[in-house]
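With chain A fixed as given, assemble chain B onto it according to the hints.
Okay, here's what each chain looks like letter by letter:
2 protein chains.
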Amino acid sequence: MPANVEMDKIVSLCKRRGFVFPSSEIYGGLASCWDYGPMGVELKRNVRDAWWKAVVHERDDVVGLDSAIMMHPRVWEASGHVDGFADPMVDCKSCRLRWRADELEKEICPGCGGDLTEPRMFNLMFKTFMGPLEQEANIVYLRPETAQGIFVNFENVLTTSRKKLPLGIAQIGKSFRNEITTGNFIFRTREFEQLELEYFVRPGTDEKWFDYWVKERFDWYVRLGISKDNLRLRQHGKDELAHYARDCYDIDYLFPMGWSELEGIANRGDFDLTQHAGASGREITYFDTESNEKYVPYVIEPSAGVDRSVLAFLIDAYDDEEIEGEKRTVLHLHPDLAPIKVAVLPLSRNEKLTPLARDVYRQICTGFVTDYDDSQSIGRRYRRQDEIGTPFCVTVDFDSLEDKQVTIRDRDSLAQIRVPIEELNAILEAKLKGEAFDSSSLWATRQK
Amino acid sequence: MPANVEMDKIVSLCKRRGFVFPSSEIYGGLASCWDYGPMGVELKRNVRDAWWKAVVHERDDVVGLDSAIMMHPRVWEASGHVDGFADPMVDCKSCRLRWRADELEKEICPGCGGDLTEPRMFNLMFKTFMGPLEQEANIVYLRPETAQGIFVNFENVLTTSRKKLPLGIAQIGKSFRNEITTGNFIFRTREFEQLELEYFVRPGTDEKWFDYWVKERFDWYVRLGISKDNLRLRQHGKDELAHYARDCYDIDYLFPMGWSELEGIANRGDFDLTQHAGASGREITYFDTESNEKYVPYVIEPSAGVDRSVLAFLIDAYDDEEIEGEKRTVLHLHPDLAPIKVAVLPLSRNEKLTPLARDVYRQICTGFVTDYDDSQSIGRRYRRQDEIGTPFCVTVDFDSLEDKQVTIRDRDSLAQIRVPIEELNAILEAKLKGEAFDSSSLWATRQK
Chain A
48 MPANVEMDKI
58 VSLCKRRGFV
68 FPSSEIYGGL
78 ASCWDYGPMG
88 VELKRNVRDA
98 WWKAVVHERD
108 DVVGLDSAIM
118 MHPRVWEASG
128 HVDGFADPMV
138 DCKSCRLRWR
148 ADELEKEICP
158 GCGGDLTEPR
168 MFNLMFKTFM
178 GPLEQEANIV
188 YLRPETAQGI
198 FVNFENVLTT
208 SRKKLPLGIA
218 QIGKSFRNEI
228 TTGNFIFRTR
238 EFEQLELEYF
248 VRPGTDEKWF
258 DYWVKERFDW
268 YVRLGISKDN
278 LRLRQHGKDE
288 LAHYARDCYD
298 IDYLFPMGWS
308 ELEGIANRGD
318 FDLTQHAGAS
328 GREITYFDTE
338 SNEKYVPYVI
348 EPSAGVDRSV
358 LAFLIDAYDD
368 EEIEGEKRTV
378 LHLHPDLAPI
388 KVAVLPLSRN
398 EKLTPLARDV
408 YRQICTGFVT
418 DYDDSQSIGR
428 RYRRQDEIGT
438 PFCVTVDFDS
448 LEDKQVTIRD
458 RDSLAQIRVP
468 IEELNAILEA
478 KLKGEAFDSS
488 SLWATRQK
Chain B
48 MPANVEMDKI
58 VSLCKRRGFV
68 FPSSEIYGGL
78 ASCWDYGPMG
88 VELKRNVRDA
98 WWKAVVHERD
108 DVVGLDSAIM
118 MHPRVWEASG
128 HVDGFADPMV
138 DCKSCRLRWR
148 ADELEKEICP
158 GCGGDLTEPR
168 MFNLMFKTFM
178 GPLEQEANIV
188 YLRPETAQGI
198 FVNFENVLTT
208 SRKKLPLGIA
218 QIGKSFRNEI
228 TTGNFIFRTR
238 EFEQLELEYF
248 VRPGTDEKWF
258 DYWVKERFDW
268 YVRLGISKDN
278 LRLRQHGKDE
288 LAHYARDCYD
298 IDYLFPMGWS
308 ELEGIANRGD
318 FDLTQHAGAS
328 GREITYFDTE
338 SNEKYVPYVI
348 EPSAGVDRSV
358 LAFLIDAYDD
368 EEIEGEKRTV
378 LHLHPDLAPI
388 KVAVLPLSRN
398 EKLTPLARDV
408 YRQICTGFVT
418 DYDDSQSIGR
428 RYRRQDEIGT
438 PFCVTVDFDS
448 LEDKQVTIRD
458 RDSLAQIRVP
468 IEELNAILEA
478 KLKGEAFDSS
488 SLWATRQK
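From first to last, the protein sequence lines are chains A and B.
Numbering of the first sequence is given in this note's numbering, commencing with residue 48 and proceeding in unit increments.
Numbering of the second sequence is given in this note's numbering, commencing with residue 48 and proceeding in unit increments.
I should point out that these hints are in silico values taken from the structure, not numbers from a laboratory.
Hints may contain errors.
The list treats identical chains as one, so a pair stands whether inside a single copy or across any two.
Said to hold, decoys possible - Here are the simulated SDA-like cross-link-like pairs (lysine to any residue), alpha carbons at most 20 Å apart as the crow flies:
hint, residue 1, residue 2
1, Lys255, Glu330
2, Lys480, Tyr291
3, Lys100, Gln410
4, Lys210, Trp306
5, Lys211, Tyr419
6, Lys341, Arg409
7, Lys451, Glu371
8, Lys480, Asp162
Isolated chain A (complex conformation) (with noise of 0.2 Å):
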């Protein structure tokens, strides 16, 4: 499906709807900052669960780890972040905006045409003091990657999980950028969350592991439904390669306003291991019992945000459509991600119809993620589940005291079955495991 959406419609679905709420909205908003509703927070628990799922609990070569935001000081000396993690900041003499340098097609202010400032270097980690006095030796920084929490845990992990290279090790979490441009909705936030693996190999392996984890991680979003037209491997320029990197692809995606980064897989060498050595005075290195030899393992980093990987999905997901002629509003979320697997829609409010629909209700709920709704019309309940990405709509309708039996309407085909209650929860599982994208010969009608 073609990612043609407007981003204002994906803004307004995300309010309407509750994924997406402006931070603080009651006092104005505050900048770039984001909320996830009810059915965000399930979609980013979805995007976590599934990248972990693929990432840590089913290979044995990779183990997570949940490291602090706030880390010592000389963690960031190290890494290159006090000195080196600043972008070069322009003031518009006239309007007082401010600008990345860097990001300017002319020397003249884009908002007014006004006189800019020369360049000065503005480093991009919040900073904060630990302990009660302000004072230079108490400075914390928020991270700005999750990535060095890794590193300067790599032989605590290496010890304690008796594992041998290559090892992954894995981490979810926020970071925290005081970015001076920011925007395009949860595209590029201050603070946003990040699902990062360091994934540390034997010099010389560095580059077919490289490979393997750009190919891994471009099939993991065509996995969960995003399309291939819509997806880009970009090789990063000599001249763009970060200072740490030997080699570096961005996965982009298609997004309304143009080509942007996805995921990066960088090739890091030995550099970070090698810095945290020196800082630390720790030798930090591997002795490989096969070879009989001890190096710096080198690292291949694949690195992803949260809150665009859910934009994506969104986005590619998102469909107006005309069917028989009425007109509906709806996401084609992998069942994975959707937020709710099931709603439970008693054809209308009554005393007789509700006993059976909470029953049934109660019965599916403790499998999957359940929604109950006897508000409004049938018609205007499923076009609610078409905007969440409702996979599965469950009807109780008056046949059903009687027959015991049940309707399973299908989100992207619409087509609609009836199965017995007793084996309901089996034949959710089995459609929410894929077989529900199948033209089964189980759907037997259209919806009228």
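What follows is chain B alone, placed relative to chain A:
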């Protein structure tokens, strides 16, 4: 089981087995910051998931939220945190150590006996600057609690979720308090993770719901394996109640340092919504279609900590046992909380056993979080799995090559049973759901 273990033993196990490491350890550590290692991150995920399942997914009167850590500064003025979230602090004039005045038993320095300064109030919120200018207008705070993110989103959630009261909004996330005194391992840290529910009800029904949630939350810990003997309910005295609270119970756990708060359940009345209505100039009320009344909801707040829950679960599960003349350390963690559900252990590393053991691992690992370990003796590998609380070990031996059966060993009873590989997943699934704790007739032989 009595929680009679010393904290040192827990800290040592956590380091040794990869649950918790001192943060930034290679740089000497950072005061009161801790990193969760491969086992810790899984345990923490399981605690979060168990809470979310019980509080959100299995109920249709609670929805989730994930609001930003950085919020508009006016949120913290309205909530009372800017003026009132402070502790009295004194300095020793001799040794310069700093203390909380309200925690001192005498008016001299507990460190050196020196004279102390007059108490000064110290605000516990971390502050930083958003945007490049370090000026008053750009101050933002790191949230000291997740609760306010819920209150300021109350209207947005109510409107988009189309739910009626009583309605709960649940949130899991990091909060930050610049505590003067920290300690007791992960019990009190400056960066910590909260499990907060704000349950909005009609005034007049609040006492009933308060009692309900006190019981519900107490039972949650018991269901997940914490001994009732190590839990107590403690009602706050009138002089102890926070200014916003009409009533409050603590769920205390018998930690090694004594009874300490695991969770607080407060009846906050309409304090928060009224404060935000006043400060934002918006009417924040609920129109009850059944009674045809408009009112400001009261709110019941069960507020727990991920980190101290993790600590309590570890302590309560810990045991040093002597069984048939052999000593072992074991974590009797509830299967839902155990970091690893099943370990596949070939009897030895052997070219015949390895392929079959890998097949068994691959068969299991898509269904359960599974470890594969073929290093060292089988006895040492059992001990390791006991120490990380793995409920079941699956041993692949030379007979398995012939009879296509493997042995399941139960962590708690040490009983072993022989089962066909093709039935393994179904048997493990049943056992992990609770039958595992029965001394079922299936368990035939006792481990030698």
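Going down the list of hints, with the structure as the test:
no.	hint	verdict
1	Lys255 <-> Glu330	neither (26 Å within a copy, 61 Å between copies)
2	Lys480 <-> Tyr291	neither (41 Å within a copy, 47 Å between copies)
3	Lys100 <-> Gln410	between (26 Å within a copy, 15 Å between copies)
4	Lys210 <-> Trp306	neither (39 Å within a copy, 39 Å between copies)
5	Lys211 <-> Tyr419	between (48 Å within a copy, 12 Å between copies)
6	Lys341 <-> Arg409	neither (58 Å within a copy, 31 Å between copies)
7	Lys451 <-> Glu371	neither (30 Å within a copy, 55 Å between copies)
8	Lys480 <-> Asp162	neither (59 Å within a copy, 69 Å between copies)
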